[in-house]
Structures are given as C-alpha cells and as structure tokens.
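Given the structure of chain A, go ahead and fit chain R onto it with the hints provided.
2 protein chains.
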Amino acid sequence: VVRPRSVLVVGTGLIGTSVALALRAGGNDVYLSDTHAEHLDHALRMGAGERHQGERADVAVVAVPPRQVATVVDQVLGGGAATTVTDTASIKVRPLREFARLVTDADGDLAASRVARFVGGHPLAGRERSGPRTARAGLFTGLPWVLTPSELTSAEALENAEWLVAACGAHAVVMSAEEHDRGIALTSHVAQLVASALAAELVDQPDAVLKLVGQGFRDMTRIAASDPQLWADIASGNAGPLADVIADISASLGAVAAALRESADSGTAVGALIEAGRAGHRRIPGKHGGAPRTYRIVPVIVSDEPGQMARLLGDAAAAGVNVEDLRVDHAPGLPVGVIELFVGPESAAGLRSALTAAGWAVAEDSADA
Amino acid sequence: VVRPRSVLVVGTGLIGTSVALALRAGGNDVYLSDTHAEHLDHALRMGAGERHQGERADVAVVAVPPRQVATVVDQVLGGGAATTVTDTASIKVRPLREFARLVTDADGDLAASRVARFVGGHPLAGRERSGPRTARAGLFTGLPWVLTPSELTSAEALENAEWLVAACGAHAVVMSAEEHDRGIALTSHVAQLVASALAAELVDQPDAVLKLVGQGFRDMTRIAASDPQLWADIASGNAGPLADVIADISASLGAVAAALRESADSGTAVGALIEAGRAGHRRIPGKHGGAPRTYRIVPVIVSDEPGQMARLLGDAAAAGVNVEDLRVDHAPGLPVGVIELFVGPESAAGLRSALTAAGWAVAEDSADA
Numbered sequence: 229v230v231r232p233r234s235v236l237v238v239g240t241g242l243i244g245t246s247v248a249l250a251l252r253a254g255g256n257d258v259y260l261s262d263t264h265a266e267h268l269d270h271a272l273r274m275g276a277g278e279r280h281q282g283e284r285a286d287v288a289v290v291a292v293p294p295r296q297v298a299t300v301v302d303q304v305l306g307g308g309a310a311t312t313v314t315d316t317a318s319i320k321v322r323p324l325r326e327f328a329r330l331v332t333d334a335d336g337d338l339a340a341s342r343v344a345r346f347v348g349g350h351p352l353a354g355r356e357r358s359g360p361r362t363a364r365a366g367l368f369t370g371l372p373w374v375l376t377p378s379e380l381t382s383a384e385a386l387e388n389a390e391w392l393v394a395a396c397g398a399h400a401v402v403m404s405a406e407e408h409d410r411g412i413a414l415t416s417h418v419a420q421l422v423a424s425a426l427a428a429e430l431v432d433q434p435d436a437v438l439k440l441v442g443q444g445f446r447d448m449t450r451i452a453a454s455d456p457q458l459w460a461d462i463a464s465g466n467a468g469p470l471a472d473v474i475a476d477i478s479a480s481l482g483a484v485a486a487a488l489r490e491s492a493d494s495g496t497a498v499g500a501l502i503e504a505g506r507a508g509h510r511r512i513p514g515k516h517g518g519a520p521r522t523y524r525i526v527p528v529i530v531s532d533e534p535g536q537m538a539r540l541l542g543d544a545a546a547a548g549v550n551v552e553d554l555r556v557d558h559a560p561g562l563p564v565g566v567i568e569l570f571v572g573p574e575s576a577a578g579l580r581s582a583l584t585a586a587g588w589a590v591a592e593d594s595a596d597a
Numbered sequence: 229v230v231r232p233r234s235v236l237v238v239g240t241g242l243i244g245t246s247v248a249l250a251l252r253a254g255g256n257d258v259y260l261s262d263t264h265a266e267h268l269d270h271a272l273r274m275g276a277g278e279r280h281q282g283e284r285a286d287v288a289v290v291a292v293p294p295r296q297v298a299t300v301v302d303q304v305l306g307g308g309a310a311t312t313v314t315d316t317a318s319i320k321v322r323p324l325r326e327f328a329r330l331v332t333d334a335d336g337d338l339a340a341s342r343v344a345r346f347v348g349g350h351p352l353a354g355r356e357r358s359g360p361r362t363a364r365a366g367l368f369t370g371l372p373w374v375l376t377p378s379e380l381t382s383a384e385a386l387e388n389a390e391w392l393v394a395a396c397g398a399h400a401v402v403m404s405a406e407e408h409d410r411g412i413a414l415t416s417h418v419a420q421l422v423a424s425a426l427a428a429e430l431v432d433q434p435d436a437v438l439k440l441v442g443q444g445f446r447d448m449t450r451i452a453a454s455d456p457q458l459w460a461d462i463a464s465g466n467a468g469p470l471a472d473v474i475a476d477i478s479a480s481l482g483a484v485a486a487a488l489r490e491s492a493d494s495g496t497a498v499g500a501l502i503e504a505g506r507a508g509h510r511r512i513p514g515k516h517g518g519a520p521r522t523y524r525i526v527p528v529i530v531s532d533e534p535g536q537m538a539r540l541l542g543d544a545a546a547a548g549v550n551v552e553d554l555r556v557d558h559a560p561g562l563p564v565g566v567i568e569l570f571v572g573p574e575s576a577a578g579l580r581s582a583l584t585a586a587g588w589a590v591a592e593d594s595a596d597a
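Line order of the protein sequences matches chains A and R.
For our numbering, count along the first sequence from 1 and bump the result up by 228.
For our numbering, count along the second sequence from 1 and bump the result up by 228.
Next comes chain A alone, as it looks inside the complex (with noise of 0.2 Å):
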C-alpha cells in the first residue's frame, strides 16, 4: 500500500542512481539533476529517470559528496523543488550544522521552517567502485538505511524520509546525527583507515612477501582501493569521533608491540586482545539484522567445464532444496575445484543424499556457517 510519488534525485553517482532506478522500479516519477553531464547521460540512458526541469517532487534525495551537502540541501529547498529533502552522505553532523548555519539569517535567527524540511539520511550500502555504472535497483534490499531527524525535523519531512527508504527495499533505523557519526567511525571509517594502514606497509616490501599474501590479507585491505579525496573529506568531516577510535586502536597495537619487545607476558597480551576481539565479533548480527540465521555446508568436488555449476545446481533443485548462498573455492586452470552450497540445516541431510545418488563427490565436511 505504498503510493508512487515523485523523486528527485540530485546526483547521479553510484548511490543517487541506484536510488532512481530502485524508485523508478517501484513505479514513482524520478527526475535527475547532476553537475557531471557524462554521470547523468548514463543515467538517463540507464532509465533511471528523466532530466529535471523544474518539476517539484515530493522528496528530494541528495547523493553529493559530503563537503557538498548542505549547499545542495538549501539549493534545493531554497528553490521550491521538494517539499522534503533527504541526503546520503556518510557523515551527519557537520552538513546539519553547515545547513543550519546557512539558513541563519545576519540576525542570527534560523529559518526553522526550513530545518523542519530535512531529514539527515545514510543508506548502508556501497561497492568497491563508484559511478553510476556500478548502480542497481537492489543496492539497498533487506539493508539498513539510517535516518537522523533534529529536533526541528517535522513528523511529515521524517515520514517522507521513511517512506523513500521503504521504497528503496531497505529498513529505516532512526537516530540521532551524534550517535550516527559515533558509531560510523568506528564500522565504516575506522576500518577503511586500517585497510589503508595495513596495505601501506606493502609498499616497501621485497617481492617475496607478496607470494605470501592469503585471503585474509586480501579481505581486510580489499577497501583500500578507496578514494583518497572522498575519504579525507569524510575523515575530516567526522575528525572528533574518528580520532578518538583510532587512538585506542593505535593505542591498543602499541601495547601488543610492547609486550612482544619484553617476550616475559607477550603471550598473555596477545591473547587477551584476540579474547576481545572475540567477544567483540560475537556481538555482530546476522547479515540481514536479527538474530544470525545458521546454514549448513555442503561441499561438492566439481570439475572444471562448462556446466558444472548449473547440472549441480538442477540437481539440488530437483531434491526440493533451495540453495541460499554458494561459494566457490576454484583456481582457474585447474581441473578440479569445490563448490560449496549454504542450505537450511533441514535440508543438508536430503541434499547429500540426493547429489551422492546423482553421482556428485560430496566431501566429508558438513560445519555450519
């Protein structure tokens, strides 16, 4: 019972037009305005919506950097295209205060009617490359999309905001500005920083070492082919909470290297911060929020020609059962490898059975992911 509305879209990057073609998906009118003409051809091109000319919509969503926000917010409102403005940008307390100080007058009053008209948003949501060719409609499904209201936000601009989340497939989670830029520090910003950090130190190192490098290595420094100017602008933009996370990481690796140096408790020291790092760890939700939901594995030794993946596949939908999820474990070139498919633990018995009688090698191993 979600009625079509009208979307603009300012901005058509990688988030702005995952947002149109998401809306345009669900049937709203999307119009696109962006400085970069080559984004918004794509765009165009894309379907994501059509070349704003003017039109007022009910929403306007501003996927800017974040240096650019609040201009493009009081640009926005200031000229009368939407009754409620929302942004994207990863950080929310500066551009509110940027936004604030724009629409205050010499007098140093604020134009509260027009704070009343912006809701702060940050859709958890992105991809290693950025442009409106890496965009799709299901960018946001079943994700988190944060929304942080002021005290000024009127309950219709919050309800418009929720709406557009909806919209997008995403669940809106309401906080404050501060608590957003907090907790982002730590689950966003400080990890892109540590990424850097750790793939720095490949730099000077001799070649060896890189025939060394694992998958782990590859998964935590995979962000580090970030965009400098895009993150000092988002470090910058939240320098008090960021810095403060960082210090304790610094501070924490500092006193792992110290112990190490005097080797007497290196031991203990080290294994109180992988205790806390446990403890930590456990404390992440499942993928989609909630409570974690348990598969089960069942791996398959599959050879590598054409077809392969597809014939075990029809035969485990033939056995009824649905795979969730699946990982392949393949070096190309090679003539064997494993596939690995993520069933509901109710069905792993049925599923081995089925592919071991459909002449499938089914390995030993059954954990749980």
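One or more of the hints may lead you astray.
Since copy identity is lost for identical chains, a pair holds within one copy or between any two.
Lysine to aspartate or glutamate pairs mimicking EDC-like chemistry, simulated, CA-CA at most 16 Å apart [as the list claims (entries may be wrong)]:
hint, residue 1, residue 2
1, Lys439, Asp269
2, Lys439, Glu406
3, Lys439, Glu574
4, Lys439, Asp335
5, Lys439, Asp333
6, Lys439, Asp337
7, Lys439, Glu407
8, Lys439, Glu283
9, Lys439, Asp472
10, Lys439, Glu278
11, Lys439, Asp302
12, Lys439, Glu384
Rather than coming from a laboratory, the hints here were simulated on the basis of the structure.
Below, chain R without anything else, positioned relative to chain A:
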C-alpha cells in the same frame, strides 16, 4: 609422472587431515597419528588414511601447534618413522631453533645428519574453523606452500618436501625461515591482531552501533573469531618481526588520530594514508599468483524460488559460457536478489544477449573485477 609414496601425517586437525585426504586422492599410502583420539578417529572414518603402527614413511608431515613442532619432529626423526620430515606451522624460525637445540648434545655438537632431513613448511591455506571435520582434499589446490630449508637441509629432503607440496596440488615457494617470518608477520599475523583490535572496539558500544555494522567491517573482523591460545602461541613465536610491523601500523594510525585532532591538516594526513594504502594494494597479485585475471561481471536479477540459480547457470552453459565465479547478493526471505556472474571478457556480450533472450533481467552494469 609423480610416483605414489608413503606419508606419515602427525596431527589430524584441519591441515593434517586435508593433507592426508589430498594424498589419498593421489593414490599414496597415508598413515595417521594423533594424541587427540577423537580427531584421529574422525580422520580415519573420513578415509584420510590408516592408523600409524610403526611403518616407515618416505615423508612425515608434522601438523601440530607451533609450540609442539620441534619435539614432534625430533621424535619422528629419532624413531626412524620417516626419511624426510616437514611441518606446517605458520612460524618457521623458532621451531627450527628449538629443534636444533634438541639435537645438540652436551658438548655443543649439532646432529647435522638429523637437521639435514628436516625442511620447514607452511601451506598458505586455512579456514575460519579448525578440526578434521572442516578438512578437505582441495584445501591447498592452486595455493602457495612455503618451504624453508635451512643451510643444513639436504637436496633429497627438499625434493621430498617439494613432491609433497605438488601432491597436495599446491605450488612450492622456497625462502629462508627468516624471510618467511618477517613476511608472514605482515600478511597473516598482523592481519589477525588488527582484526581483533577492531572487533574488540565493539565490546563497549551501545546496541544502536551494531546496526551500523556493514559488509566492510564484517570482512575485516571475520578472522576475529580465531582461537586465542593458538594465536598467543603464534604471536609470541614470531615476536620480533610482529612487534616491528604492529608498532609501524600503530604509529601511522596514531599520527592520523593526532592530525584529526588538529583539524587544520587532517585531510592531508588522511589522504596520504589512503594513497599509501592504494599503492600497497596495487602490489597484491591475482588470487592464485601470477598476473591477476580480469573478469567481467554480468549481474542478473533473480527471484527467491528453488531452481532459479540452476536455471540461470543452465542458460549460461547452453550459451557455451563458462562461469568462473559468482556472487549471490540476496537477502533471504525477500522476493528478489542479484546474482553476479563472473566471466571472461570475451564471453560477456554473448552471455548478456543469451540471458536476455532467455527472459532474464540482466542489469546494465558490467564493470571489470
């Protein structure tokens, strides 16, 4: 032209049992030994080999915790159970020193003939979970396996160890124990401690922060669930090199924290760290060594019904396309998701049109991976 041999595997955890399974698959005789009766029984039931009853083997693989390596290697060589002995511990200098000490007599003379028969080894493979239940024959397929012969290691011993590595489907990378430990301190051990330090920050966070945990943070803390005792052992066994790298990372994060507090040049400091991270990241070779292979991603919208993935891959196979990898981006319980098919660049256009013709909703995105 690899002739079958007899191998003794001491320690039937994840690594030992996987070695045994790989060797059995190649038609070799495998004898198993473990003081952990339950592990040994499980490995025997998996068909990983026969219970060791004093048979002499060509090669012995000592797959026990780092702290026990020297003692067990000495026992195996002293008891005449194998011609060549290698181990699988992720640290190489300390076990070698401990072993040399064990075979040095009261007059300070080293039993060089014994040291000649030992080659340190470290397969770069592993999983988040340990124990024989998670073992599988393909664990080492296509991955590097470091061998660290000492100056006293005989040519025959190195050759035997290289045979073992090849028989497990891995490729041997030869370097000194010191080179290995310095390199692995960065690529594996530090990654573990950084993941733990990051996850440990979650312990005292308010519940709302846990809603902000996204994929990047999950990837970076996945290994934080590791075993504290094992890691205390590994870290203290590689204390010097590890302390150097950790102190370096701690210092570079500390400098960024300081810059963020004096907001003037924080953007510069953060930008420089991200740039250095990018430079390091570019040095990481492709997944299986050698030049990274480029794939093209073809994203397809699918519904959450049994058999969708099979039908999709069946259609890909019918078009003659070999899908090299795939990523499922799907929230269980929600009606639609995206499956990203990874194919060679030469196959992307054909796959796209074949799937579209077969009625699939193929998204516009086709970025490289």
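Taking the hints in turn, this is what the structure says about them:
no.	hint	in the structure
1	Lys439 - Asp269	neither (43 Å within a copy, 35 Å between copies)
2	Lys439 - Glu406	between (43 Å within a copy, 15 Å between copies)
3	Lys439 - Glu574	neither (41 Å within a copy, 29 Å between copies)
4	Lys439 - Asp335	neither (64 Å within a copy, 40 Å between copies)
5	Lys439 - Asp333	neither (61 Å within a copy, 37 Å between copies)
6	Lys439 - Asp337	neither (62 Å within a copy, 36 Å between copies)
7	Lys439 - Glu407	between (42 Å within a copy, 11 Å between copies)
8	Lys439 - Glu283	neither (57 Å within a copy, 36 Å between copies)
9	Lys439 - Asp472	neither (35 Å within a copy, 20 Å between copies)
10	Lys439 - Glu278	neither (50 Å within a copy, 34 Å between copies)
11	Lys439 - Asp302	neither (52 Å within a copy, 29 Å between copies)
12	Lys439 - Glu384	neither (57 Å within a copy, 25 Å between copies)
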